[in-house]
Structure formats: C-alpha cells, structure tokens
Amino acid sequence: MNDTRSPLQTIVIYLGALLILVWSGGPFIWQFSTSFQLDKALTSGSPSLIPDPFTLEHYYNAFVEKELHRYVWNSLVVSLATTFLCLFVGSLAAFALSRLNVKGRFGILMVILSVSMFPQIALVGPLYLVATNLGLLDTYTALIITYLALGLPLVTWVLFGYFETLPREIDEAARMDGVSIPGLLWHIILPMSLPSLVTTGLLAFITAWNEFLFALAFTSNIDRQTIPVGIANFTNLYYVPWGDIAAASAVVTVPLIVLVLFFQRHIIEGLTQGGIKE
Amino acid sequence: MSAAATVPGIGRPRLPGPVWAWLLLTPAFVSLASVSFYPIVNGLYLSLTNTSLITQENEFSGFANYVQLWGDAQFWNAWWHTMWFTAASTILETVIGLGMALILCEAFKGRGLVRAAMLVPWAMPTVVTSKMFGWLFDGQNGIINYILLHAGLIDQNINWYGSPDTAMTTIIIADVWKTTPFMALLLLTGLQTVPNSLIEAARMDGAKGWITFWHIRLPLLMPTLLIAGLFRALDAFRVFDLVYVLTGGGPADSTETLSTLSYKVLFSTLQFGYGSAVSTAMFVTEGIIALVFVLYLMRQIRRAQ
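Protein chains in written order, with my numbering: chain A, 19 to 296; chain B, 393 to 697.
If you're looking for bench data, these hints aren't it; they were derived computationally from the structure.
All residues carry an ideal CB built from backbone N, CA and C; glycine is no exception.
Be aware that one or more of the hints could be misleading.
Away from chain B, derived, C-beta distances all over 12 Å, residues of chain A [claimed, not checked]:
{"#": "1", "residue": "S51"}
{"#": "2", "residue": "T73"}
{"#": "3", "residue": "K121"}
{"#": "4", "residue": "G153"}
{"#": "5", "residue": "T157"}
{"#": "6", "residue": "E182"}
{"#": "7", "residue": "T183"}
{"#": "8", "residue": "A268"}
Covered by chain B, per the in silico footprint, the following chain A stretches (three or more residues, Cβ under 8 Å) [stated by the list, open to error]:
{"#": "9", "segment": "58-69"}
{"#": "10", "segment": "83-92"}
{"#": "11", "segment": "162-171"}
{"#": "12", "segment": "220-233"}
{"#": "13", "segment": "236-244"}
Covered stretches of chain B, going by a simulated chain A footprint (3 or more residues, C-beta under 8 Å) [unchecked claim]:
{"#": "14", "segment": "422-428"}
{"#": "15", "segment": "432-438"}
{"#": "16", "segment": "497-506"}
{"#": "17", "segment": "530-537"}
{"#": "18", "segment": "626-633"}
{"#": "19", "segment": "657-669"}
Chain B with its partners taken away, still in its complex shape (with noise of 0.2 Å):
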C-alpha cells in the first residue's frame, strides 16, 4: 500500500499508509482510552483509597475497601440478585427467542409484518419500558392482573413489583419482554445459514420435524447461540435502568442489583472509594462470566471440528 507514495502526477506530499492508518485510528483510541480505559484503572485506584466527596478525604487506603466488601450482606445480597437475573434473563430469553426463531423460519403470510414488530421492544428506551410495566403490573389497576383475576388464575390483585416475593420476577419478565424479540431475530439468520438441503436429505430418510431439528439445526446453531447467549449474559448482568426506574432497589433490598448498588454508593452516600470497590467487583465477576463462556465456546468448536 505504501507504493501510493510514488504515484506520479499529483503535486501534494504523500504520507505512507501505514502513518495514515494509525493517524485514521487516533480519534478512535483517544475516545476509547479517555472514556473507557482510563475510567476503569483510575476506578481501581480510587478502590484503593478512602475518596469520599464528603469528607474530601482521599488517601490511599490499601485493601480496606475490599476487606470491607468481603463482610458486606448489602453487596452479597445485590450480588446474588444479579447472577440471579443474569441467569434466569439470559436462559429465558435463549430458549423462547429459538423458539420465535424456529417459527419465524417457517413460511406464512404476514411474515414480513411480525418481523417488523419484532423490533418495537428493542427500539424503546428502556426507561420507558420500566415505566411501562409499571403501569401493566400495577398492584391495583394493572391490566395484567385484571385478565389474570377474569381468566381464574389468581383470586386476588398481585402486588407484583412492591412485594419482595415477586418484585425480581416482574424485573425479570420486562427484562424478557423488551430482549426476546431482538435475540430471536439474531437467532433467526444463523438458523437461516443451516442450508436447506441437509434438512431436505433427512426428511427424505423419514426423520420427524423435532429429530432434524435436535440433530441438524440445533448442532450447527450452537457457536451462534453460545455466542449470542454471551452477549447477553454481559449485557444482563449491567441492568440498571430497569430496576432503579421500577423498583430503585426495593422493596426491601429485594431487587439491589450490583448496577444500582454501585450508583447508591457513588451518588448518595457519595463515597467514591467505596463505590469502585463495588464496581471493581463487579467488573471482575463480568471477566470471570466472559472467560466461562469463551472458554466453554472454544471447548465446542475444537470437538465439532
């Protein structure tokens, strides 16, 4: 690339390509490494020091933050519930997006318009999702226990999100309710790369629907699902905007995750060291998920080859 340097006939200077290729990227590294990069180490120190914005104390303090995390009921608590949504969130939302998925393989009329729907709850903001649900499992007027208490199921209102037995539950059906859709469309163009023919060949040898699809689609969906369910175990394990517009944590601490942990600890009490303890931690259990799943993933792939 760097003979563009000897064209001849244009009068300007040339710089080679590799300077330009480094020259092209620098806006983009001075971006990430400023807002993404340098957070993340100064958050380590800052965990390392007793930085409270109250006090304007700020000395380095060693490990005490940690040692005081380790102890902490409040930061196990909203740990749990974290790995809690993160599980249920992610498993929910692979398993029902394969089956939209499955379905929207198939042909039928109107296909084009269920599509589109498809991406109504991705392109909300989530914040208005939160709401939203607030108002279909309102405790009182929700349309939700209405056709619920009509249709026989329940015999009395569930105060869904301001009870600590159901309040992580409602979370977690917005949470489905909003993903769903977008992973089932993802899943959708693996499973359309699954050629045809290998389906056909096996009906021809009289293989039924359901054993095709465990034996043919699923195997070779499988990088695609991992991979699809990594991102989305990453992304659920961040949740904030929905519990801290819904719930902000309660009732009784039953929906503190580490995201709305973190926030409390920063902006309310204002103990900055404290609070990139926390969200150390939680930086670090993401790595640890990330490493599980790519780790299982290679696994996969080197015995599928």
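Just chain A, same shape as in the assembly (with noise of 0.2 Å):
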C-alpha cells in the first residue's frame, strides 16, 4: 500500500506513531528519572528529564528503610508457585477439552471464561472469613490458591487454542504405539507446545506478580505482603516521597517490561487466542 500514500499521509502516520511511543513509554521514563533525583530537584520548580545530580538515594531509601526486597521475595515465592500450579491444572484441563473428546466442552469453556469476569470484590468476602476459619491469613497458600484459580481461565484458555492447532494424527500415531492418555499429554503434546506454555506461564506469572485486592486483604505483615501492597503503603509521616516510590516503581517493573518484550511476539498473539476468538 506504500505506493497509494500521499506525502501527507505519511506525515499522519509517522507523527501518529511518534504519539503512541510517547504515550506508552513517557510516563514511565520520567518516573524512571525521577528515581535518580534528589527531593530537592523534584520540588524546584523547573524539573528536567536528565538527573542532575545523579542520586541513588531513593533506591537506598527503598531497600534500607523500606526493605523493598522483602515484598520482592515474598511477591516471587507467590507468582513462581502460581505460575507452575496454573501450567499444570491448566494444561490438565485444556488436554482434556481438545483431546479427550468431552461431552458439552464448549459450555465448559463459556463456563470457565465468564468465570474470569466475576467482581474480584465479590469473592474476597466470603475468602477472609474461609482463610480465617483454616488459620490461613498471612501465608502464601490463601494467596497462591487464590491465584490459581485467578489465572486458570485465561491459561486454560491459550492453551487450549493452542493444542487445537496440533494435528490430531499426531494422537493417533501415538496411541497405535500404546502410548497412555497421561503419555500422550506429557511426552507428545507438551513438548510440541513449549512456546505456548512460556507464554500461559508469563500470563500467569504478571497476575500474581500484580494482584493487589486479595494480597491487601488475606496479609497484613511484612513477611508475606507482596510488592503492590508494599508499595501502596509506601508513605511518609508529613510527605509523599515520590522519589523513593519512583525507585520502587523502576525496580518492580524493569524485570517484568524486559520479560515482556523478550517474549512480545507470543503474548499478543496468546492473548488474541485467548481474549477474542471469533
């Protein structure tokens, strides 16, 4: 189509473009300089983008008196178990749907994907007083728990997309060699699909990685409390000190923007897959 292109079109599209990479990269940018700022550049009235002077304050401020790394830890504990637990009940039941030949599967999808729809407000009530009555507030198994079965629709469903685009004389070829069912899953069709299980596996992990509502319900002490919940505290008695937030900020979510655009390609088309099917 480049042919058909006025000059003027030209200049729409690439100012359009220059619009949507400030727009999606800016605001981080500048909290990512504002990381390195000192208070006082912050508050002078005339801020620039290029730190100067050059401080790591805020991150000291962040993991000294803060002890960042301790939501750091518990946040990963959490996300890591979410993530493997999900691939595994995940990949069980998408296995099953395409290749199993089960009765009514589609309501069973339908049922699974409006079950990711549900006020996430509505089922922490009723959680809090079930995490009570087990002693399970202030661990990582109500939250782990609580993200599998977060996770699970969304997984379930890429997966899903997924092992329908194998070819099913793949099963056949297999189970004339008397490979099992359960052989079938895991020597045959999750080896075929490691790049779909990185993506669901991602998915899962940002989840939990981000979940705020359920952590800031089931944990009230540091030595559980994930990130969100740690940085949403993140206050001073008299000021809000925007810079060591800013610091937090760069640390939790550099790692995750990385992994993000590492894998971008399969994420977008997963989540198309899982998101919108037509």
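Assemble the dimeric complex from its two separately framed chains, guided by the hints.
As structure tokens, this is what we get:
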C-alpha cells in the first residue's frame, strides 16, 4: 500500500506513531528519571529529564528503610508457585477439553471464561472468612490458592487454543504405538507446546505479580505482603516520598518490561487467542 | 477414543477416555468451584444475614440489607461513579485504541519498536501506575501541570486528584493510559484479518481512505470491536486498585466506586452481611451489562448473516 500513500498521509502516520511511542513510554521514562533525582531537584519548579545531580539515595531508601527486597521475595515465591500450578492444572484441563471428546466442551469453556469476569470484590469477603477459619491469613498458601483460580481461565483458554492447532494424526499415531493418555500429554503434546507454555506461564506470573486486592485483604505483615501492597503503603509521615516510590516502581517494573519485550510476539498472539476468539 | 483401552501390548490396566477426561478436569473444577463459585453463593447467603465480625452476630435477616441498600445514598453515589467510569473509559479506550490500530496497520519504519513499547503500560502493576499518575498529576510539582502551564493551556496549577471536580477525570485518564495500547493491539489483529484485496478493490473503484474504512474495515471489525468492548467494560466495572491507591475514594467520596465501597464496608466496618449485599448488587449490575452487550452482539451477527 506504500506506493498509494500521499506525503500528507505519511506525515500523519509517523506523527501518530510518535504519539503512541510517547504515550506508552513517556510516563515510565519520567518515573525512571525521577528515581535518580534528589528531592530538592524534584520540587525545584523546573523539572529536568536528565538527573542532575545523579543520586541513588532513593534506591537506598527503598531497600534499607522500606525493606523492598522482602516484598520482592514474597512476590517471587507466590508468583512462581502460582505460575507452575496454573500451567499444571491448566494444561490438564486444556488437554482433556481439546483431545478427549468431552461432552459439552464449549459450554465448559464458556463457563471457565465467564468465571474470570466475576467481580473479585464479591469473592474477597467469603474467602476471607474461609481463610480465617482455616488459619490461612498471612500465609503464602492463601494467596497461591486464590491466584491459581484467577489465572486458570486465561491459561486454560490459551493452551486450549494452542492444542487445537496441533494435528490430530499425532494422537492417533501415538495411540497406535500404545502410548497412554497421560503419556500422550506428557511426552508428546507438552513438548510440542513449549512456546505456548512460556507465554501462558508469563501471563499467569504477571497476574500474580500485579494482584493487589486479595493480597491487601489476606496479609497484614511484611513477612507475607507482596510488592503491590508494599508500594501502596509507601508513605512518609509528613510528605509523599515520590523519589522513593519511583525507585521502587523501577525495581519491580523493569524486569517485567524486559520479560514482556522479550516474549512480545507470543504474548500478543496468545492473548488474542484467549481474549477474543472469533 | 475409548478404543485405547483395548490396545494390546501394554501391561498396565487402562482407563477409558471419558474417565480420564473427567479426572484431568477435576483439579481445575475444584479450584474454580472453591475460589469462584463458592464465594459467590456464600456471598449471596451472607447478604441475607446481619453478619458482623465486630458484634459476632450472624442471623438470617431476610432482605433487610437490600432494603437498606436501596435507600443508601453512598451506595447510589458509588453506583453512578462506577457506571460513569465504565462508560467513559470503555468508549475512550475503544475509540483511541482503534485510531492507534489503524496507524499500526500501515507499514512504517520502527513499527516493531512502537508495538513493543505499547506493552509497557499493560505489563506494569496497576498499583505502580496509580502511584506514577500520583506523581505525574501532583498538584504542586507534577510534570503535567508544569507542561500545561508552560504551554499556556492553564493559568494556575490544577489540583487534579485532590479536588472533587477533577479527581474522577484523573482516574479515567490513568485507566485510559494503561489500557488503550493493549486494546489497540487486540483490534490490530482483528484489522489484519480484513483481506487486503477487498480494500485494494475499493481503491481501484476510486473509494477514498475514509470511505474504505467506514464501509469495509469498520463493519468487518465490528464483532471484534464489540467483544473487546465487552471485556473491557466488565473489567473497568471492577476498578479497584487504581482508585484505592490514588484517592482512596475521596476527596469527599467523589471517586468512590462499588469495589472500593464494598471493600470499606467489608474490611473497615467489618459488616460482612451488608458488604456482601453491596458486592452482590454489583455482581447483578455486571451481569446485566454483560447481557445487554451479548444480546446486541447477537443481533449484529444475525443481521450480518
């Protein structure tokens, strides 16, 4: 279509692309720059994108005063456990739905999808009572069990979509060779689905890493609180420590951005499969 | 599939296919049943009781909570805010997202970079987004005020989320920032399924750019647009993190939404009965929104056929 484009159209397209780039990257770049600037510079009334003088003070505050690493550790434990559980349970379900002639499988898939649309605030009260009765408040277990159910619908959908693209002849050949049903999943389907497993795993990880509501309700102690709760509570008595908040934001967001950029193609494909299936 | 049970040569006893299927589905069912379905049913029951963690009461009280809810100005205040937030953010995100998708549909240098950058707002934790907008829109040292002031668009600093007049707008801006690029990527994949030959044919017949958009691309994109809009609306309706962290529902309840109100009733006043009534009312409203969307979608699809 390039040859039919007028100069004006070309300008509009590049201008639009630039706007999208600034929109998507601008705010975080400013936040990143803020994390290296002295409080004095931030409140001086003449903001500058280049930190001058450059300081690591806010990173020091975030880790030493606010013990950010403890939240990071909790988040890592909870998110990694959630990711593996989600992949395990999700691939079992997706495999059954895609390969084993389940009656009413589209009904089941629709139910699974609609579950992910339930307002989470309607779940948090009753689950809080259950967690209290079972002594699970302030534990990783409560968060992991909850996040498993939150991540499961998307993981199942995306994996189901991927399994559907694998040719059925493989199943038949394997079964002829006497491979059992779990053997088919474990030795044949899963190894062929690695790209999709990486994407869905990343989606489950991000869901757990970013979740706030349940973490806020179920934990009240830095021993178990995750990053979102930690950052939400980042306040000083007399003023808002914007620099420290920016430093913490950078620490928890940069690794995520790197991961996402690395796997971007798979993510977009995976999500369009799960979110909007025509 | 159950023929597998009779495959010879393997010593282990085999289970027939359907048994395996249900066995493999069980963990997922147990997880969703206990963490999603049970709480909804239990919440419905709680909403018919006067359960409170302070007074330790938990007696059946019929529809008393709902009667109270009907006359509760705070509830309706939050209800309207939630509807306004849902409508405004969904419409803005869909329209701006469509604009972005149309640009990304064209070939230009650096397209990969732009597409990659668009995932940044989506991947960022909402709590971080909320704090980030707190700094960007800070009433005193925020960069947004600085830019607007120096561009001559305003003549004094705006106290964005500190004033009841502009707080909800600030939250909508933050949500639109975070979600629009992702919406655009979803719509882009929809746009790319529109066959190029159709557009080329229209161009041959002398149709201008916006005419091909209006008469070819948009109608073909409509189902994708509506489904994406539905998911976005249902998600926007549950907004919690953004509001809770940025304004906590204030100032003067001007940004209170159903989720933040429910959370406060549940965990600040510990009235689990009344709080459950609020969240059940929310569930019902969300169900109605979904139903309206789905009915409209089905009518569109039927008309297209």
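Hint check results:
{"no.": "1", "hint": "S51", "verdict": "violated, 10 Å"}
{"no.": "2", "hint": "T73", "verdict": "holds, 17 Å"}
{"no.": "3", "hint": "K121", "verdict": "violated, 8 Å"}
{"no.": "4", "hint": "G153", "verdict": "holds, 16 Å"}
{"no.": "5", "hint": "T157", "verdict": "holds, 15 Å"}
{"no.": "6", "hint": "E182", "verdict": "holds, 16 Å"}
{"no.": "7", "hint": "T183", "verdict": "holds, 16 Å"}
{"no.": "8", "hint": "A268", "verdict": "violated, 9 Å"}
{"no.": "9", "hint": "58-69", "verdict": "holds (count 4)"}
{"no.": "10", "hint": "83-92", "verdict": "violated (count 0)"}
{"no.": "11", "hint": "162-171", "verdict": "holds (count 7)"}
{"no.": "12", "hint": "220-233", "verdict": "holds (count 5)"}
{"no.": "13", "hint": "236-244", "verdict": "violated (count 0)"}
{"no.": "14", "hint": "422-428", "verdict": "holds (count 5)"}
{"no.": "15", "hint": "432-438", "verdict": "holds (count 4)"}
{"no.": "16", "hint": "497-506", "verdict": "holds (count 7)"}
{"no.": "17", "hint": "530-537", "verdict": "holds (count 4)"}
{"no.": "18", "hint": "626-633", "verdict": "holds (count 6)"}
{"no.": "19", "hint": "657-669", "verdict": "holds (count 5)"}
Figure legend: structure checked against the earlier numbered hints; hints not met, in rising order: 1, 3, 8, 10, 13.
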